[in-house]
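Chains as they are written, first to last, in full-length UniProt numbering: chain B, 1 to 350; chain H, 1 to 350.
By construction, these hints were calculated from the structure, which means they are not laboratory data.
A few of these clues could be false.
Copies of the same chain are indistinguishable here, so a pair counts whether it falls within one copy or spans any two.
[Stated by the list, open to error] Below 16 Å or equal to it, Euclidean Cα-Cα: the simulated EDC-like pairs (lysine to aspartate or glutamate) are:
| hint | residue 1 | residue 2 |
| --- | --- | --- |
| 1 | Lys138 | Asp219 |
| 2 | Lys248 | Glu320 |
| 3 | Lys123 | Asp333 |
| 4 | Lys281 | Glu140 |
| 5 | Lys279 | Glu252 |
| 6 | Lys138 | Glu252 |
| 7 | Lys340 | Glu98 |
| 8 | Lys83 | Asp66 |
| 9 | Lys265 | Glu51 |
| 10 | Lys83 | Glu207 |
| 11 | Lys116 | Asp92 |
| 12 | Lys340 | Glu207 |
| 13 | Lys116 | Glu126 |
| 14 | Lys265 | Glu140 |
| 15 | Lys123 | Asp339 |
| 16 | Lys340 | Glu140 |
Protein chains: 2
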Amino acid sequence: MSQPRTIALDAMGGDHGPSVVVPGAALSLERSPALSFIFYGDEQAIRAELERLPALAARSRVVHTDRVIGMSEKPSQALRRGKGSSLWMTIDAVRNGEADVAVSAGNTGAFMAMSKLILRPIKGIERPALAAIWPTVKAECIVLDVGANIGASSRELCHLAMMGAAMARALFHIERPTVGLLNVGVEEVKGVDEVREAHSILKSTAELPLDYRGFIEGDQIGQGSVDVVVVEGFAGNIALKTAEGTAKQIAEYLRAAMRRTWLSKLGAVLASGGFRVLKEKMDPRRVNGGTFLGLNGIAVKSHGGTDALGFASAVDLAYEMAQSHLIPRLTADLTAFHDKLEATTDTTAG
Amino acid sequence: MSQPRTIALDAMGGDHGPSVVVPGAALSLERSPALSFIFYGDEQAIRAELERLPALAARSRVVHTDRVIGMSEKPSQALRRGKGSSLWMTIDAVRNGEADVAVSAGNTGAFMAMSKLILRPIKGIERPALAAIWPTVKAECIVLDVGANIGASSRELCHLAMMGAAMARALFHIERPTVGLLNVGVEEVKGVDEVREAHSILKSTAELPLDYRGFIEGDQIGQGSVDVVVVEGFAGNIALKTAEGTAKQIAEYLRAAMRRTWLSKLGAVLASGGFRVLKEKMDPRRVNGGTFLGLNGIAVKSHGGTDALGFASAVDLAYEMAQSHLIPRLTADLTAFHDKLEATTDTTAG
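Extracted from the complex, chain B is given alone in its bound form (with noise of 0.2 Å):
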């Protein structure tokens, strides 16, 4: 399965630039020989880092830019003033074609603006999503929005069960993935009226490229109870963020347990190969990247602060994606399911 693929990388994105880019693009080759890159902004910058490592040298070009977008920068100000930025330029590679998917660690707003304004959305969708990768305990979810967009109409909700079980797709290779609405409570009574609407047309609706599974609540979300967890913005990013949060108060629980007595001391010790398991499972960095969906064409967003290890799983993430008929087939699934609202509506109406 490993197709020849070219990921574009903003090199100043983040909130270490090449330093952290270079190195990661280089730990992701290894693992995928078959892809190469460009890397878009300071040139001298990218070769010192390219210097040590000659087998990424020799599979990557460089396009100087000096334009940086700042990661405080306000989106709209981006817009007005990016292009030729190196952010700009990762995204225009998948454009026109040169590059197939565009990674970058820079400013999110920033970056979600460009991609809209440069990539476009794919038709029948007004508001692209952000998704993101979430462990469970039985193996990955796929969670969106976690924060494109605030608020979604029911039919903005369809539109993202659409487009999570593309990615599902995609990564889990399931041709019909489990989909679950976010809700707070699983009966059907509760929760907003989109949700609830939504919930009825993805019941109602036969044959779509999904199997879904009605309401979840939040704890299930990490039970792996489905493999795509549907839900807008404001409470995705919340979701998002507080199991994030969560998940290093248990951390900083365990340390200061284990720290107690010498004999909890000593069995830390002995655990350790135990706690490494634990440490690798709940590292952020094995999970970095949410992916923009719904454009013509992918863009993943590493998180800014991550190191070589966690930008190289951002860019294994992108070449993935790059290797699925993502946008092609998500295109054919939405024209398809826009059909037959449009068919229900007529037949309602008659």
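Given the structure of chain B, go ahead and fit chain H onto it with the hints provided.
Only chain H this time, still in chain B's reference frame:
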């Protein structure tokens, strides 16, 4: 600070009824000998439990009723046929002054709807809230609303801030608790209109009985950044359930990691004291009890599936709430707040 207080208990609420409620009350009485109880429900079943607990029996009164609200009844149905049920009478004991607080492990929706009908919202509040106590790495914080209502206007978010502050004052004995508004980002430009507007009201209103700290994100809840976290009920419920799910998930990871090798198993045995401390820290029974705020009386909801230990936590919480003068103080605070808001509006209009 041990003042005599009477607690009304719905003996029939929850998955286990009197077999959990009565022993739970006994545990709480050991910690707070000034408590007395009124049990509502099947007299025979309650007496059977009380027989084994003479100390509790000496401080308890039993009021028989045949009617019980089922765990899956809809709130509207429960309201129609609920009069005279154990849940109804438990709440009514607070209204007529026989008890200081009502505690039930029964049907949440019915409990909420009946409490609102019987106790009535305090002046200035349209929609009561459900507040949760959330463990943090520092101590505990209060998060509200965790599901009483979906959506909240800016004014309602301010009310949540005042209610949460009143509860924090009662439980943590802090005169001006710190309050944060849960949002998807810390920049002022982000978030929904209602949240932004509530932010500007809380920031600009002078002499509030709380210390407003601005926006916080989901990962800061568990860090104990503020005493009170304000969020509308849909996102709040999802955050709470997601945190519970994440804690459970990590506990499963930890168990699996400690079973990996004989060395890690041995280490886990030696460190069992530390693990016990961790388990206690993460025990959901320790902080069992959601509080309905904004009514002319306090009602505490215990988790339906909990055991005597968990139910005792809900009773402990009820007792602490009963010892404070929460309602007259909150009523006064809300009146002052509305006067200030109107004064501001008048000035703006002039």
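Results of checking the hints against the structure:
In this assembly of identical chains, the alpha carbons of Lys138 and Asp219 lie at most 16 Å apart only when taken from the same copy (14 Å versus 23 Å across copies). For a Cα distance limit of 16 Å, the shortest separation of Lys248 from Glu320 qualifies neither inside one copy, at 28 Å, nor across copies, at 30 Å. For the identical chains of this complex, Lys123 and Asp333 are intra-copy neighbours only, at 11 Å inside a copy versus 53 Å across copies, given an alpha-carbon limit of 16 Å. Only within a single protomer do Lys281 and Glu140 lie at most 16 Å apart by alpha-carbon distance; the minimum there is 11 Å, versus 27 Å between protomers.
For the identical chains of this complex, Lys279 and Glu252 are neighbours both inside a copy (12 Å) and across copies (13 Å), given an alpha-carbon limit of 16 Å. With identical chains, the CA atoms of Lys138 and Glu252 are at most 16 Å apart between copies only, with a shortest distance of 11 Å across copies and 24 Å within one. For the homomeric pair Lys340 and Glu98, neither the shortest alpha-carbon distance inside one copy (36 Å) nor that between copies (60 Å) is at most 16 Å. In this assembly of identical chains, Lys83 and Asp66 lie within 16 Å of each other by CA distance solely inside one copy; the values are 11 Å within and 74 Å between copies.
Neither within a single protomer nor between protomers do Lys265 and Glu51 lie at most 16 Å apart by alpha-carbon distance, with minima of 44 Å and 46 Å respectively. For the homomeric pair Lys83 and Glu207, neither the shortest alpha-carbon distance inside one copy (43 Å) nor that between copies (47 Å) is at most 16 Å. Proximity of Lys116 and Asp92 under a CA criterion of 16 Å is satisfied intra-copy only: 11 Å inside one chain copy versus 57 Å between copies. Only within a single protomer do Lys340 and Glu207 lie at most 16 Å apart by alpha-carbon distance; the minimum there is 10 Å, versus 57 Å between protomers.
Taking the closest pair of Cα atoms, Lys116 and Glu126 come within 16 Å of each other only inside a single copy of the chain (10 Å); across copies the shortest separation is 41 Å, beyond that limit. Taking the shortest Cα distances, Lys265 and Glu140 never come within 16 Å of each other, neither inside one copy (32 Å) nor across copies (27 Å). Taking the shortest Cα distances, Lys123 and Asp339 sit within 16 Å of each other inside one copy (13 Å), while across copies they are farther apart (51 Å). Taking identical chains as interchangeable, the C-alpha atoms of Lys340 and Glu140 are never at most 16 Å apart, the minima being 31 Å within one chain and 50 Å between chains.
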